[in-house]
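K.L.:
Line by line, the protein sequences are chains A and B. Take 1 as the starting number for the first sequence in my numbering and just add one per residue. Take 1 as the starting number for the second sequence in my numbering and just add one per residue.
Read the hints as simulated data drawn from the structure, not as lab findings. Be aware that a few hints might be false.
In silico PhoX-like links for lysine-lysine, alpha-carbon gap of 20 Å or less [unchecked claim]:
{"hint": "1", "chain 1": "A", "residue 1": "K242", "chain 2": "A", "residue 2": "K65"}
{"hint": "2", "chain 1": "A", "residue 1": "K242", "chain 2": "A", "residue 2": "K209"}
{"hint": "3", "chain 1": "B", "residue 1": "K194", "chain 2": "A", "residue 2": "K295"}
{"hint": "4", "chain 1": "B", "residue 1": "K39", "chain 2": "B", "residue 2": "K160"}
{"hint": "5", "chain 1": "A", "residue 1": "K224", "chain 2": "A", "residue 2": "K124"}
{"hint": "6", "chain 1": "B", "residue 1": "K54", "chain 2": "A", "residue 2": "K271"}
{"hint": "7", "chain 1": "A", "residue 1": "K224", "chain 2": "A", "residue 2": "K242"}
{"hint": "8", "chain 1": "A", "residue 1": "K295", "chain 2": "B", "residue 2": "K54"}
{"hint": "9", "chain 1": "B", "residue 1": "K66", "chain 2": "B", "residue 2": "K54"}
{"hint": "10", "chain 1": "A", "residue 1": "K271", "chain 2": "B", "residue 2": "K160"}
{"hint": "11", "chain 1": "B", "residue 1": "K145", "chain 2": "B", "residue 2": "K160"}
{"hint": "12", "chain 1": "B", "residue 1": "K145", "chain 2": "B", "residue 2": "K166"}
{"hint": "13", "chain 1": "B", "residue 1": "K160", "chain 2": "A", "residue 2": "K242"}
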Amino acid sequence: MDENTVNNRDEQEPSKPSRRNFLKNIGLLGAGVAAGAGALYSGDIFEKKKAATGESKVLLTQDNKLVEVDSLEMRVLAKNPTKLMLEKGREGIPGKRWVMVIDLSKCRNARRCIAACQDAHQLKPEQYHMNTLQMQDSPGTAPYQMPKNCQHCDNPPCVAVCPVDATYKRGDGIVLIDNIRCIGCRFCMAACPYSARIFQWTTPKDADKHNGEAYNVELNVPQKLGTISKCLFSADRCREGKLPYCVSACPNGVYYFGDENEDAVTNGTSKETVRLSKLLRDNGAYQLMPELGTKPRVYYLPPKNRLFPFEPSTD
Amino acid sequence: MKRPFYILLLIISTVLQAEAQNPAWIVPDDQKGKISLLKFTPDMAKQGEVIYMKNCQSCHGIPTKKNFAAIVPSPGDLSEPIVGNQKDGELFYRITTGKAPMPEFRNILTEDERWTVISFLRSFHKGYVQPDPEKLAASAGRRIKLSMVYDTAKRKIMVKAVELTKEGPRPAQGAVIVLFVQRYFGNMQMADPKTTSESGYAGFEWPQDLPGDKAGRVILSAKVSDPTGSMQEAVVRDTLSIGVPTDKPALTDTRAMWSTRDKSPVWVILTYTLAVIVVWYFIIYIILSVLDIRKIKELNL
């Protein structure tokens, strides 16, 4: 037993801390660090080289700036596109207050606005964000066609009654609906004095085709069964600097759309831009049911000097 | 035998009636001679096709396919000789001014874009030869250079037109100037077009209440409007700080009944909080009272 212990001691002796061993270890460590650093550095250079040879791509950032990005430096965000769009859709376009003017003297019920709207928002032919109503104010007065959409009120009763914050107003005046939050209670439909809202009672149009697509809150597509939908002032188009779908589809110059802060509205047909205040003043503009205090963002110009005779709708 | 005849008669009378309701579309003589200053090339025709598909195809269909819209008056196929035999100036005038139900493209397409569309249409017209633009540029088309300043005393935008001649620049008299201010969805024309004076100046009254951006800046552009084509298109753009500084808060910034919790009116928050405190006070008071009753019971034992 004793011999063994002695032997063991003999074997352990070389590992005893000594000046030589210490220097040897330091030397090894230094060499290792140098080799590791060299590898890291060359790897970094390789990465940089790789990036430099990558294909560059021009992208549009969320704040509407064009940037050039190397394709190898691009990282796909793990964020859900629907979530991204929901966040973006909650914020209005800064410094803007959208306003629409509808000239009743020019409407001849061409219904192109309706078709363009239904096409953009995946609506069935009997579902209207925008509709033309046949109006006659009293038995003695002449009938006329009146396009009517959501009035995007500055004091929106629909937003006030929503129990889940699904319908909301943005800083730029647009009232939107988040169909993912919407629970389908239809309080907002009851609160709206303009009957601007529709409810998806049945499976929406082309539901199979659009199944699984990312939800765009600024377009309300894909439409969701059992939730509310309504006019959105084409929030997606406003962001791009384009006039709303209905406004640009009208062949008769009925619609003007623009920014109240700029005091200018642009006609969707002639693309002529005019001063909002002057247009409203010169033509005796009015709003729908102003006595309710809803402060609508849609103005109407009365149907005087009409360009077209009244033709009752066939459908 | 008689029925087809009656049907034919009916069709003819409908067509005639439609014609009667839509008087001929006459192009003024001075507009007919207008020609493009750009040479029509296959590349230009290709660009024109893109513009055509966006703006014209919905009614006129694809040229040679005869798939135009069924509306009255008929838009017709634009590759037909009835269009091909017209002069460039006539086509340009019709695109520019429109005639119901055809919209006017004056403000939708720039002059160059309208010529680009015409170059696309011309690629379908057999035997068409383009009038030489270089000859016209040499004979007519005065070259104009514009500049603008704001006259604070007169409150006027002064647009100066200078004609560039071989002898050197000199004030251009009689140039019709249109002034625009840039807005979000397009350019807004300010006042009526003005003709330059002998000294080459045209003055535009500046409205003192027009909103600018946060610093009151507005982007202005002036251009020569000359339908006869005797002057070449000239444009000047400038940013001037002469608008009313506009920085209105977002509509969600003010406290309102309809707004979200953190933007609700102060009195609502106060009343609600107070009500909650009062209710909880009474609940806790009752619980404590019940505990007191137990204590009294224990004391009696």
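K.L.:
Checking each numbered hint in turn, tell me which of them this model violates, lowest number first.
P.N.:
Going through the list in order, the structure violates hints 2, 3, 4, 7, 8, 10 and 13 and respects the others.
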